[in-house]
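Asks: Numbering (the numbering used here), first residue to last: 2 to 395.
Hint data in this document are derived by calculation from the structure and do not stem from the laboratory. It is possible that part of the hints are untrue.
Computed cross-link-like contacts, SDA-like style, restricted to lysine to any residue with a CA-CA straight-line distance of at most 20 Å [what the hints assert, rightly or not]:
| # | residue 1 | residue 2 |
| --- | --- | --- |
| 1 | Lys-113 | Leu-86 |
| 2 | Lys-194 | Gly-204 |
| 3 | Lys-206 | Gly-261 |
| 4 | Lys-340 | His-231 |
| 5 | Lys-194 | Pro-102 |
| 6 | Lys-83 | Gly-104 |
| 7 | Lys-206 | Lys-83 |
| 8 | Lys-113 | Arg-149 |
Source: prediction; values computed, not measured.
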Amino acid sequence: MAPGSVTEKMYSKSVMLLLRERIKFLACLAHRTVALYVLKRLVCSFFTRERSNSWRTICMAAAFRFAIDHSDLRSNMSSSLKNYLKWTESSNLPAAVDELPDGAHLLWIGPKQLDQVILYFHGGAYMMSCSGNVMTYCQYLHEELRQRNIHVGIAILAYSASPYSPPHVVDSFMIQAELVPDNPFPTQLRETKAALDMLLNGGAKPENITLAGASAGGNLVLQMLAHILHRLPSVEPIPETRFRGVFLMSPWVSMKADNGLAQHLLDAKHKYDNISSLYGRHVCRTLLKDISDTDIPFVDPLEAPEDWFNGIDRLADSVFVMWGEVECLMEGQKRLCNKYLEPYHPQVEMYEQVSGVHCQPIWDSAWMSNVGEPRIVEWFSHVHTTGKAKEEAI
Numbered sequence: 002m003a004p005g006s007v008t009e010k011m012y013s014k015s016v017m018l019l020l021r022e023r024i025k026f027l028a029c030l031a032h033r034t035v036a037l038y039v040l041k042r043l044v045c046s047f048f049t050r051e052r053s054n055s056w057r058t059i060c061m062a063a064a065f066r067f068a069i070d071h072s073d074l075r076s077n078m079s080s081s082l083k084n085y086l087k088w089t090e091s092s093n094l095p096a097a098v099d100e101l102p103d104g105a106h107l108l109w110i111g112p113k114q115l116d117q118v119i120l121y122f123h124g125g126a127y128m129m130s131c132s133g134n135v136m137t138y139c140q141y142l143h144e145e146l147r148q149r150n151i152h153v154g155i156a157i158l159a160y161s162a163s164p165y166s167p168p169h170v171v172d173s174f175m176i177q178a179e180l181v182p183d184n185p186f187p188t189q190l191r192e193t194k195a196a197l198d199m200l201l202n203g204g205a206k207p208e209n210i211t212l213a214g215a216s217a218g219g220n221l222v223l224q225m226l227a228h229i230l231h232r233l234p235s236v237e238p239i240p241e242t243r244f245r246g247v248f249l250m251s252p253w254v255s256m257k258a259d260n261g262l263a264q265h266l267l268d269a270k271h272k273y274d275n276i277s278s279l280y281g282r283h284v285c286r287t288l289l290k291d292i293s294d295t296d297i298p299f300v301d302p303l304e305a306p307e308d309w310f311n312g313i314d315r316l317a318d319s320v321f322v323m324w325g326e327v328e329c330l331m332e333g334q335k336r337l338c339n340k341y342l343e344p345y346h347p348q349v350e351m352y353e354q355v356s357g358v359h360c361q362p363i364w365d366s367a368w369m370s371n372v373g374e375p376r377i378v379e380w381f382s383h384v385h386t387t388g389k390a391k392e393e394a395i
């Protein structure tokens, strides 16, 4: 077959058509497969610890669990900034963006104001951008507080993420690619310092700032507190600062211990969660890659001495930590509170959401059903009301 001949061109077109048909077939098969998987999880939920959840949450969690293991989010994921601009447009809300060094941004939910601020850190294993669900959740929190005559500005730190690609799986064994994160530790910690500097330079007072984070965002809050107490040499210091409060939703901890678990034990921990053991081990390995033993405690506080947060009572008026009853990180989160936080702070509140999965309130926000979990709104309301009363008394 001569190069460039009519026959070759016809052959090439046939190959392309065949390839397109195969792609369509695989896409159709994938849709059917995920539907069957979700249906199976929904039916089984009547006989498992998931039964207290709504059918919507069960289906959403199952679909996410399947997708995260079978799709390449690196090629499909938009940036946090693009998601924010799309979300504000669809929500008919004004966009307010502060640009930070090295590509990070502060994304404001509602009007930008600095007299009272919630600095929010989103999750996603440092590999996913901030989604519209997170923004909807923050908007709900903003409105709930406003109805209580508590006016706060909510700023989401859109940090630099290292896009996630799923590992290959052959016969239930994971083939771990030698991935080097695009933005490895301590990139996000440096961006956290830059975000705090911008707020303080703009006129915000530390005692009027509440730090809030979910999943990896909760881990980033813990990194920041550890950096204030111990100083990571590769990051500019943050002076000792007393914040209004610290809120941690399903904080990501125990990644080193989880990465070392036998597969059947890891499977048991992830059995009912929206995060699979495959994904969990993959992101732990990727995050911990090339981090020295001396730096590990800043990333995984459960690898630090139990007095690691001695002095946290000087950094925040109160601390609230919540997790879901069936989430994979529950054991580590309980240990974080019982061994690392409670002994060193008199105001640590813990809450376990019945049948909750990882970051359950954010999943609920996707359906506008039971959004926010009342205990969360109550805590923020109390913290900002009490703090304001103290400030006025002074």
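Asks: All hints, please: hold or fail.
Replies: Hint by hint, here is what the structure shows:
1. A C-alpha spacing of about 15 Å is found between Lys-113 and Leu-86, which places the hinted pair at or below 20 Å, so the restraint holds.
2. The suggested pairing of Lys-194 with Gly-204 holds, with an alpha-carbon distance near 16 Å, which does not exceed 20 Å.
3. Restraint check for Lys-206 and Gly-261: the C-alpha separation of about 42 Å exceeds 20 Å, so the hint is violated.
4. Among the hinted pairs, Lys-340 with His-231 is consistent with the structure: their alpha-carbon atoms are about 18 Å apart, no more than 20 Å.
5. Only pairs whose Cα atoms come within 20 Å are accepted, and Lys-194 paired with Pro-102 is accepted, the gap being roughly 11 Å.
6. Taken as a hint, the Lys-83 and Gly-104 pair is honoured in the structure, with Cα atoms around 13 Å apart against an allowance of 20 Å.
7. Between the alpha carbons of Lys-206 and Lys-83 the distance comes to roughly 30 Å, so the proposed pair goes past 20 Å and is violated.
8. For the suggested pair Lys-113 and Arg-149, the alpha carbons sit about 19 Å apart, so the restraint of at most 20 Å is met.
Hints 3, 7 from the list above are not met by this structure, while the remaining hints are.
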